[in-house]
Amino acid sequence: MDYILEAQGVSKKYASHQALQEVSLQIPKQSIYGLLGPNGAGKTTFIRIITQIIPADSGEIRFEGELLAPKHIGRIGYLPEERGLYKKMKVGEQLLYLAQLKGLTYKQALEKAKAWMIKFDIKEWWNKAIQDLSKGMQQKIQFIATVMHEPTLIILDEPFSGFDPINANLIRDEILQLRAQGCTIIFSTHRMETVEELCDEVALIHQSRKVLDGSKHDIKQRYKPNHFRVQYTGNQLLPTTTEQWEVLSDVALLGSQREAMLQRKQTGATNPFLQALMEQADIQVFEEQLPEMSEIFIRVVEENTPSSADNLHPSKK
Amino acid sequence: MHTIWIIFQREYLVRVRKRTFIIMTLLGPLLFAGLTIVPVWVTTNFQKTKTIQLIDESGYFANRLPDGNQYKFKSVEGKTFEQAKAALTKSDFDALLYIPKINLDRPEGIALVSHKNISLDFELDIEKLLRNTVRDVKLMQIGIQKDVLDNANIQVGVNTVSLSEKGEKSSSSAATFGISFLSSFIIYMAIFLYGAQVMRGVAEEKANRIVEVMISSVKPFHLMMGKILGIAAIGITQFLLWIVLTFGITSGVYSYFKLDRFQGAQLEETMKRLPEERRMKDMQQSREVGQIVTALSSLNYVYIISVFLFYFLGGYLLYSAMFAAVASAVDTESETQQFVLPISMPLIFAFIFAQVVAREPDGVPAFWLSMIPFTSPIIMVIRAPFGVAFWELALSMLLLVVTFVSITWLAGRIYRVGILMYGKKPSVKELFRWMFSKY
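Protein sequence lines correspond, in order, to chains R and H.
Count the first sequence with my numbering and you get residues 1 to 317, in order.
Count the second sequence with my numbering and you get residues 1 to 439, in order.
To be clear, the hints were calculated from the coordinates, so they are not data collected in a lab.
Any given hint might turn out to be false.
As the list claims (entries may be wrong) - Only pairs whose alpha carbons sit at most 25 Å apart, straight line, appear in this in silico DSS-like list of lysine-lysine:
no. : chain 1 : residue 1 : chain 2 : residue 2
1   : H       : 18        : H       : 48
2   : H       : 128       : H       : 101
3   : R       : 128       : R       : 88
4   : H       : 79        : H       : 50
5   : R       : 13        : H       : 79
6   : H       : 219       : R       : 87
7   : H       : 18        : H       : 50
8   : H       : 138       : H       : 116
9   : R       : 71        : R       : 90
10  : H       : 85        : H       : 74
11  : H       : 85        : R       : 90
12  : R       : 119       : R       : 87
13  : R       : 135       : R       : 107
14  : R       : 87        : H       : 18
15  : H       : 219       : R       : 88
16  : R       : 90        : R       : 114
17  : H       : 138       : R       : 128
18  : R       : 29        : R       : 88
19  : R       : 88        : H       : 90
20  : R       : 107       : H       : 128
21  : H       : 48        : H       : 146
22  : H       : 18        : R       : 90
23  : H       : 128       : H       : 138
24  : H       : 219       : R       : 71
25  : R       : 13        : H       : 138
26  : R       : 107       : R       : 87
27  : R       : 88        : R       : 107
28  : H       : 18        : H       : 74
29  : H       : 219       : R       : 13
30  : R       : 13        : H       : 50
31  : R       : 13        : R       : 29
32  : H       : 101       : H       : 48
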């Protein structure tokens with residue numbers, strides 16, 4: 001697979017606090033990559049290292065195969081969680097300024113800024129001061145500032161916070177469109193519904209270490225609890241315990257139809273399991289229950305948190 | 001470098017277009033003029049003549065103390081000191097001067113009584129008048145006539161001349177003193193004024209949270225330097241406009257009051273044309289004005305303005321880098337206050353010393369304070385118009401440049417850590433640790 005960004009053994013220590021420990025991960029091109037983790041896990045530090053705001057203590061980061069260097073700054077767009085703009089500056093000037101700092105010429109910047117403002121149907125805001133805009137409007141401007149220099153890697157830290165549902169949808173569509181055009185997007189978030197909906201790949205950082213990564217599909221497979229939802233009709237209930245399964249619940253639906261939740265005891269191909277079921281009843285619905293990302297998130301974090309006895313003196317940031 | 005330039009442009013344009021900048025630039029010269037004219041106007045127009053009741057038991061002073069614009073003396077006879085004192089509050093007199101029978105060699109027991117506060121100036125003036133009178137009386141006692149005494153009292157004006165390789169030029173210590181002091185005062189104010197702008201700018205970027213977006217595009221050091229230099233350019237623009245406007249106003253004033261008639265050869269002509277009785281009276285005044293006008297026009301303005309701009313820039317860069325570092329370390333502008341005072345101590349100290357240095361521009365304190373880079377921007381501009389050895393100027397400039405480069409570098413290291421830190425206010429110790437930590 002082609003990676004846009006590869007991190008190898010990245011560590012970062014602040015004065016009294018280990019922020020990242022030997023973090024390695026690969027971000028495939030044209031993916032939407034979710035960077036997950038509880039508050040203070042080290043996500044922001046990792047992003048700041050990628051954006052070259054701070055250097056790593058050790059480890060190596062490659063951008064499209066090359067070692068990360070200042071020349072890559074213009075290829076990256078970053079929307080920090082704590083964002084802001086110059087309050088008294090006009091929208092147009094602000095966009096031109098930020099784009100020029102990313103390496104665009106004045107002419108290019110003007111062209112892009114206009115195009116985006118027409119696209120978002122906000123070209124009448126050009127001469128308004130930022131402080132006269134609503135929070136949601138400011139977020140839109142900030143989003144434009146993040147992407148207008150056409151970066152190949154876009155890093156969005158909690159991008160939907162502060163947006164109303166309509167604008168959140170607008171931004172989501174924009175993100176999908178950018179990916180279709182070839183961009184890679186890194187999401188840092190702890191909103192699991194966003195991850196569920198948008199991310200192809202995820203990495204979970206917890207207490208400065210990467211504890212989980214891979215494609216969303218693979219991870220779900222790995223953490224699936226082997227639960228199956230079955231709707232059936234039959235003369236009798238499914239046997240509660242067999243060699244193959246255990247019934248977790250079994251409730252009546254309309255008429256003679258029932259719905260059961262089964263815990264499968266073996267792994268491997270599902271056909272033999274289905275066959276065994278079919279011998280017992282007439283099956284209308286058969287579906288494996290894959291875990292929600294939030295369940296996996298909580299489970300992995302709990303598994304990787306030292307018990308409270310080991311954690312009496314947590315180091316503070 | 002390119003990013004510094006873009007940042008520089010923004011910082012400059014945002015400020016130069018502000019209404020306050022335009023107003024200050026236009027009003028500045030008028031304010032300066034006002035600052036110098038108003039106190040003079042107030043003292044000349046609002047000074048009241050004091051009438052002093054005099055009880056002279058010695059007999060030396062009655063009719064000898066001269067009445068003038070400031071003081072009038074009225075001798076009273078047949079009253080004791082105690083009676084006069086008791087009646088003073090109800091009388092129209094401003095004060096009561098009591099002179100007992102005294103020994104001229106050791107006058108004792110003289111008292112000045114007033115129901116109002118007696119200012120130091122008032123006390124000193126009276127002492128001086130009494131001293132002069134005692135001197136006159138003693139001189140007369142040894143046989144010197146009154147007209148001889150009056151004749152001996154001649155006003156002397158000294159034309160000071162500075163010698164340099166380029167030949168002699170006339171100068172006036174008073175004029176030079178004025179220029180020196182004004183320059184140092186402006187630099188002192190400017191460092192605080194523009195330094196505060198840097199501080200506010202940095203604090204605003206941090207409070208706005210735009211700083212993280214910024215430093216994902218540019219190096220923190222570039223951001224800091226772009227801002228500092230942009231505001232420096234604002235300062236220089238303002239000064240140049242002030243200088244141009246001031247020259248404009250001054251030449252306007254000169255031609256309006258025809259002050260050039262007091263200049264050099266012109267002075268003689270002007271004097272000849274005056275009627276005899278006015279000539280004597282105006283002589284002294286004209287000579288003083290003439291000296292100052294001549295000296296002001298003979299000062300080397302290119303040299304003075306260059307030195308001024310250099311030290312303004314050097315001092316500003318030095319202090320604003322420190323102000324930027326401080327603002328980066330805290331969350332809000334108000335929290336900067338505790339750091340501002342210790343940082344600006346040398347500056348305040350230098351300004352307090354400015355008067356001493358202006359009186360003795362070649363003294364030892366003057367030399368050292370003009371070498372130490374934290375005080376030299378204020379002190380050297382005082383010394384420069386009086387003339388400073390080339391090596392001293394060069395050394396002082398070099399030290400200033402070296403220091404501001406190193407301080408800016410250290411400040412940049414604090415800045416780069418500080419702008420990403422939110423929450424707790426760091427201690428001075430932590431600031432020092434940031435300077436030498438690797439981030």
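Review point. If you check each hint against the structure, which ones fail?
Key: 1, 5, 7, 8, 9, 11, 13, 17, 18, 19, 20, 21, 25, 28, 30, 31, 32
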